[in-house]
Amino acid sequence: MTKLNSKIPQGPLADKWTNYKATQRLVNPSNKRKLDIIVVGTGLAGASASASLAEMGFNVKAFCYQDSPRRAHSIAAQGGINAAKNYPNDGDSIYRLFYDTIKGGDYRAREANVHRLAEVSNLIIDQCVAQGVPFAREYGGMLDNRSFGGAQVSRTFYARGQTGQQLLLGAYSALMRQVHSGGVKLYTRHEMLNLVIVDGKARGIIARNLVTGEIERHFGHAVVIATGGYGNTFFLSTNAMGSNVSAAWQIFKKGAYFANPAYVQIHPTCIPVHGDYQSKLTLMSESLRNDGRIWVPKKKEDAEAIRAGKLKPTDIKEEDRDYYLERRYPAFGNLVPRDVASRAAKERCDAGYGVGSGLAVYLDFSDAINRLGKHVVEERYGNLFQMYEKIVDDDPYKTPMMIYPAIHYTMGGIWVDYELMTSIPGLYAIGEANFSDHGANRLGASALMQGLADGYFVLPYTIQNYLADDIQTPRMTTKEKEFDAAEAEITSRIDTLMNINGKHSVDSYHRKFGLKMWDLVGMARNKEGLEEALSTFKEMRESFWKDIKIPGKKDSLNPELEKANRVADFIELGELMARDALQRQESCGGHFREEFQTEDGEAQRNDSDFMFVGAWEYTGEGKEPILHKEELVYENIKVAQRNYKK
Amino acid sequence: MDLTLKIWRQENAAAKGRFETYKVTNISPDCSFLEMLDILNQQMIENQITLPVCFDNDCREGICGMCGLYINGRPHGPDKGVTTCQLHMRKFKNGDTIVIEPWRARPFPVIKDLVVDRSAFDKIIEAGGYISVSTGGVPDANSIPVPKKKADVAMDAAACIGCGACVASCKNASAMLFVSAKVSHFANLPQGKVEAKERVKNMVAKMDELGFGNCTNTGACEAECPKEISISHIARMNREFFAAKIL
Amino acid sequence: MSNVFTFSIGRKLIMSLMGLFLCAFLLVHLGINLLLIFCDTTEPFNIAANFMASNVVIKVFEIGLFGGILLHIIYAVILTIKNWFARTVGYKVGNNQQTSFFSKYMVHTASIIGIFLILHLMDFYVKAKFLGGATSVTYEDGKTFHDLGALVIARFHIGWVVMVYIVALLGLGFHLIHGFQSAFQTIGLNHPVYTPIIKGLGLFYSVVVAAGFMAIPIVVYFFK
Chain A
1 MTKLNSKIPQ
11 GPLADKWTNY
21 KATQRLVNPS
31 NKRKLDIIVV
41 GTGLAGASAS
51 ASLAEMGFNV
61 KAFCYQDSPR
71 RAHSIAAQGG
81 INAAKNYPND
91 GDSIYRLFYD
101 TIKGGDYRAR
111 EANVHRLAEV
121 SNLIIDQCVA
131 QGVPFAREYG
141 GMLDNRSFGG
151 AQVSRTFYAR
161 GQTGQQLLLG
171 AYSALMRQVH
181 SGGVKLYTRH
191 EMLNLVIVDG
201 KARGIIARNL
211 VTGEIERHFG
221 HAVVIATGGY
231 GNTFFLSTNA
241 MGSNVSAAWQ
251 IFKKGAYFAN
261 PAYVQIHPTC
271 IPVHGDYQSK
281 LTLMSESLRN
291 DGRIWVPKKK
301 EDAEAIRAGK
311 LKPTDIKEED
321 RDYYLERRYP
331 AFGNLVPRDV
341 ASRAAKERCD
351 AGYGVGSGLA
361 VYLDFSDAIN
371 RLGKHVVEER
381 YGNLFQMYEK
391 IVDDDPYKTP
401 MMIYPAIHYT
411 MGGIWVDYEL
421 MTSIPGLYAI
431 GEANFSDHGA
441 NRLGASALMQ
451 GLADGYFVLP
461 YTIQNYLADD
471 IQTPRMTTKE
481 KEFDAAEAEI
491 TSRIDTLMNI
501 NGKHSVDSYH
511 RKFGLKMWDL
521 VGMARNKEGL
531 EEALSTFKEM
541 RESFWKDIKI
551 PGKKDSLNPE
561 LEKANRVADF
571 IELGELMARD
581 ALQRQESCGG
591 HFREEFQTED
601 GEAQRNDSDF
611 MFVGAWEYTG
621 EGKEPILHKE
631 ELVYENIKVA
641 QRNYKK
Chain B
1 MDLTLKIWRQ
11 ENAAAKGRFE
21 TYKVTNISPD
31 CSFLEMLDIL
41 NQQMIENQIT
51 LPVCFDNDCR
61 EGICGMCGLY
71 INGRPHGPDK
81 GVTTCQLHMR
91 KFKNGDTIVI
101 EPWRARPFPV
111 IKDLVVDRSA
121 FDKIIEAGGY
131 ISVSTGGVPD
141 ANSIPVPKKK
151 ADVAMDAAAC
161 IGCGACVASC
171 KNASAMLFVS
181 AKVSHFANLP
191 QGKVEAKERV
201 KNMVAKMDEL
211 GFGNCTNTGA
221 CEAECPKEIS
231 ISHIARMNRE
241 FFAAKIL
Chain C
1 MSNVFTFSIG
11 RKLIMSLMGL
21 FLCAFLLVHL
31 GINLLLIFCD
41 TTEPFNIAAN
51 FMASNVVIKV
61 FEIGLFGGIL
71 LHIIYAVILT
81 IKNWFARTVG
91 YKVGNNQQTS
101 FFSKYMVHTA
111 SIIGIFLILH
121 LMDFYVKAKF
131 LGGATSVTYE
141 DGKTFHDLGA
151 LVIARFHIGW
161 VVMVYIVALL
171 GLGFHLIHGF
181 QSAFQTIGLN
191 HPVYTPIIKG
201 LGLFYSVVVA
211 AGFMAIPIVV
221 YFFK
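Chains as they are written, first to last, in our numbering: chain A, 1 to 646; chain B, 1 to 247; chain C, 1 to 224.
Think of the hints as simulated: they come from the structure by calculation, not from any bench.
C-beta atoms are modelled at their ideal positions from N, C-alpha and C, and glycine is treated no differently.
Heads up, a few of these hints could be off.
Below, a list of computed lysine-lysine pairs in the PhoX-like style, where the Cα atoms sit at most 20 Å apart [what the hints assert, rightly or not]:
1. A:K21 - A:K32
2. A:K398 - A:K312
3. B:K171 - C:K59
4. A:K390 - B:K91
5. A:K185 - B:K123
6. A:K479 - A:K546
7. A:K298 - A:K317
8. B:K149 - B:K227
9. B:K16 - A:K553
10. A:K390 - B:K93
To spell it out: a stretch of chain C is covered by chain B in this simulated footprint if at least three of its residues, at any positions, have a beta carbon under 8 Å from a beta carbon of chain B; those stretches are [to be verified]:
11. 6-19
12. 183-194
A few chain C residues that face chain B, going by a derived Cβ cut-off under 8 Å, partial list only [stated by the list, open to error]:
13. I81
14. K82
15. T88
16. G90
17. K92
18. G94
19. N96
20. T99
21. S100
22. S103
23. H108
24. R155
My request is simple: use the sequences and hints to build the entire structure.
Below is the structure:
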């Protein structure tokens, strides 16, 4: 029934990766020199892959749209990185990390991939320490661990609130070492705009030099996409301003399948939207929920008075506060998983109990301050409180913080097999750009783990299994007709965009579209809304190509043109996300369909009909994409309903 | 808030630049500085006044190091310990005139308007800002204990975001704080000791070659660094350098 | 160590070491000069000055001293020119934050000191040593010295000379306030506890040196 071959190796789960490595084909050192690999994106996955491949002897060309590889948005990850080291002696193991990740993903991830992830997790920590990543340590000089949501053990390694930064700088330094040795050629301020396929295999990319506007052709025996997630589809998200889906979307249009686009993670603790000029949302670390209590007023009139500025949160008496997470989920309280906490906040605000602008709830530390003393709270969360105060101009030691959920991470992405190869031979997707390891919901501190696992320890092996066939393939000149055609597509697209000459800026369009996405394909979805989304987005897509205005020239630095290219793709992706959400008639993880919930409002999975990966195939402009289903088989885990009440 | 903006405009690296004056009105004090510029650009595009102002930015949460504007004589503006993207308009007064310039240093040539080329920083890191270990074959993470104090100092230094405010603020356009942060980060860790001498020599040589100025211990870099990195790291780098070259 | 001085940091090391050496010299110089105003006669001053002029060890130091001054100046010029080249297009609005104030004016104070140094050397050193500008004086023990003390006292009764000295010594003081502590930072000595002490010490030293030297022309002008 399906064209999808996940290529999962035979044998017992714990031996699959070992067996794969033992029997895969390799490329010998003298042949590696003859092979070029293009890596697009220099975040955790892209930088670590580029460095590792170059260390082995391959010629790597690394691309990023920023001015330096060190700017990639992996840098913004705060919390930490998981590994099954079991240093605290609290019963952790590879199996337990594997199990927690599958369960956290609401049983929508591939067993074999996740087990491999857990297996290599320990190597990542060793590697990073050897690179000089300054992880937090105890007084004895050993590495410190902390606990994170969705786990009963402390397995999270961290470097203050800047773990992502430190890991990225580690990968960046490894990358720069290879740039120095000549193994990597770096193309900064370059954006990939098209994929070149020759005889059915990925053989290069078309990229735009963002400074000169020049359209360039680059050849590679294989192409790796490490361009991150698509959270910016919603306009407001915790992603960077430049984070985009364009590379992934272009390869989708060239035949790579896009899997589970509807799985989007909404982080419960972000600083709420405060004005229509706002350009992005700022995350406050999940760790705040360890000591903060989340509440809204019990009485609607109190909430209204607060919104009108007539009452302050401190005026609300204890008995008039509704600690709704503690009320609904007595066992886990404020520490329920991200998706559950987010939906509960939305439910209260929709019911009219929201504070601030109406779309915010309180995260209150007064109990913690009374219990532990201000200095302890300051020690634990001082930098976060300071950040909050800088942004909101309100002192969270005195009045409760206001928070609201925001788009944070996308579990969906380009479909890949066990080798991380997409449905186009020679084309790979790693890190957040692929769909593989987090199922329908990602646990905290797992994204960094996956990005680095793919880049350091998985792709450098699996890509050789493919390249072993290519040692005889000479480098192409990029004058081949396939390169001509791919470039022509891009020049004509850019010319079309430049000539629209409409009235509205790209940003204003993106904002309008993002709001619709949030309303119709956001935290809670229903059939009606999703159908509306499909028709609205189609109209918006058409009007986008008539209404927008791009000032300036195409042959110079032109951020408006860059944004237009990206937003055009976001709008098309929005349609696919709505389509996938409509197709998935169940609630699981980050995907919540209002029609599919239990009596008390919890997500209701439908394992008999929807225990599959939904991979979409592009069929052409204006045509409906085809859904391919990859069945998920759980041989080692008992599938259960997640329960956070008892 | 109503504001007058004097912004450096420059077509491209070769063109001659100039200051242009623009007005923005009705700006919310809760708006961030870059959002204020977004509003200005929006007006320019929709009213077809002139080309929007180019400025670098990405994460907008103060960690990627991409943004950096020289605002009223100060890199990243008047607030302390923040990047331009975290600067909020409440730090200004209604009716203020704000002068916005790009980073100025010969190794940071202007690309367009307020966008400068900071690839010189990448070149310095390329010259030695790493520990030469390849993927795989490394010892267990806990096999070498690192004193907590040392790890903390290393982390202080490693917090550098490479924005270039130190160079922009230094009267000599010196990159010593940036280079020393990386040298000091590795010098405090046992893993970094192995090639410490080569590292500091190569990085300092590259820094000199790229045309950055010299440190006169003025301390402007430390005062303007959005991550508040201390010039004690510069002293450490000097020690490391002397140890490498003389001892 | 072959090419350490082709590096910016190597050059700065020379500047700071020479600077600290000159700081030490200034203390000796000041000590001898103060004999002029603390003693009733110029005899102790003349004895000390002649000792400094004739002792072999001191003569070696003297060469070192001039070498030190030269190196300090040469490297300062090289580094300053490089600094100018590091920013060829300046800012419209200058940086105005609170940092080490005097560090921004090291070139200016150095120029004042440089010009003064030439005048000062021509006035006393060259005159006394080569031109025989000082008369001879014979003390009770029969030894004959150049009467440098008399020369100094004569000069310091001229109003504009006193003014020039005061201006120059202010420049020196400002130069030292930054220079003293900066030298330690350059050498690599920075410590959470000791650096503030060094800074305090530097300030104290600068005030003592500048005020001490300034006291001499003033006291001579009004009281001797």
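Here is what the structure says about each hint:
Straight-line distance between C-alpha atoms of A:K21 and A:K32 comes to about 18 Å, which keeps the hinted pair within the 20 Å bound. For the given pair, A:K398 sits about 11 Å from A:K312 by alpha-carbon distance, which is consistent with the 20 Å threshold. Distance restraint check for B:K171 and C:K59: the Cα-Cα separation of roughly 40 Å exceeds the 20 Å cut-off, and the hinted pair is therefore not satisfied. Between the alpha carbons of A:K390 and B:K91 the distance comes to roughly 10 Å, so the proposed pair stays at or under 20 Å and holds.
Taking the CA atoms of A:K185 and B:K123, the gap is near 13 Å; set against the 20 Å cutoff, the hint holds. Between A:K479 and A:K546, the direct Cα distance comes to roughly 34 Å. Violation of the 20 Å bound is thereby established for this hinted pair. As the CA atoms of A:K298 and A:K317 are separated by approximately 10 Å, the hinted pair is consistent with the 20 Å bound. With a C-alpha separation of about 19 Å, the suggested pairing of B:K149 with B:K227 holds against the 20 Å cut-off.
Annotation: proposed proximity of B:K16 to A:K553 holds, straight-line Cα distance about 18 Å (limit 20 Å). Simply put, A:K390 and B:K93 have alpha-carbon atoms about 17 Å apart, close enough for the 20 Å limit, and the pair holds. For the segment 6-19 of chain C, the proposed coverage by chain B is satisfied: 7 residues have a C-beta within less than 8 Å of a C-beta in that chain, meeting the threshold of three. Counting residues of the segment 183-194 of chain C whose beta carbon lies closer than 8 Å to any beta carbon of chain B gives 8, which meets the minimum of three for the stated coverage.
Interface hint status for C:I81: violated, as the beta-carbon distance to the closest one in chain B is roughly 10 Å, over 8 Å. Because the beta carbon of C:K82 sits about 6 Å from the nearest beta carbon in chain B, less than 8 Å, this interface hint is met. Interface restraint check: C:T88 against chain B, minimum CB-CB distance 6 Å, threshold 8 Å, status holds. At a threshold of 8 Å, the smallest CB-CB gap from C:G90 to chain B is about 6 Å, leaving the interface hint in force.
A least Cβ separation of about 6 Å between C:K92 and chain B falls short of the 8 Å threshold, and the interface hint therefore holds. Taken as an interface hint, C:G94 checks out: its beta carbon lies about 6 Å from the nearest beta carbon of chain B, inside 8 Å. Of the supplied interface hints, the one on C:N96 holds, with its beta-carbon coming within about 5 Å of a beta-carbon of chain B, less than 8 Å. Given hint, C:T99 at the interface with chain B, holds; its Cβ is 4 Å from that chain's nearest Cβ, closer than 8 Å.
For C:S100, the interface hint holds, since its Cβ comes within 8 Å of a Cβ in chain B; the closest pair sits about 5 Å apart. Among the interface hints, the one on C:S103 holds; its C-beta lies about 4 Å from the nearest C-beta in chain B, closer than the 8 Å criterion. At about 13 Å, the closest approach between the beta carbon of C:H108 and any beta carbon in chain B exceeds 8 Å, and the interface hint on this residue is violated. Contact between C:R155 and chain B, as hinted, is not supported at the beta carbon level, the nearest pair being about 35 Å apart and thus beyond 8 Å.
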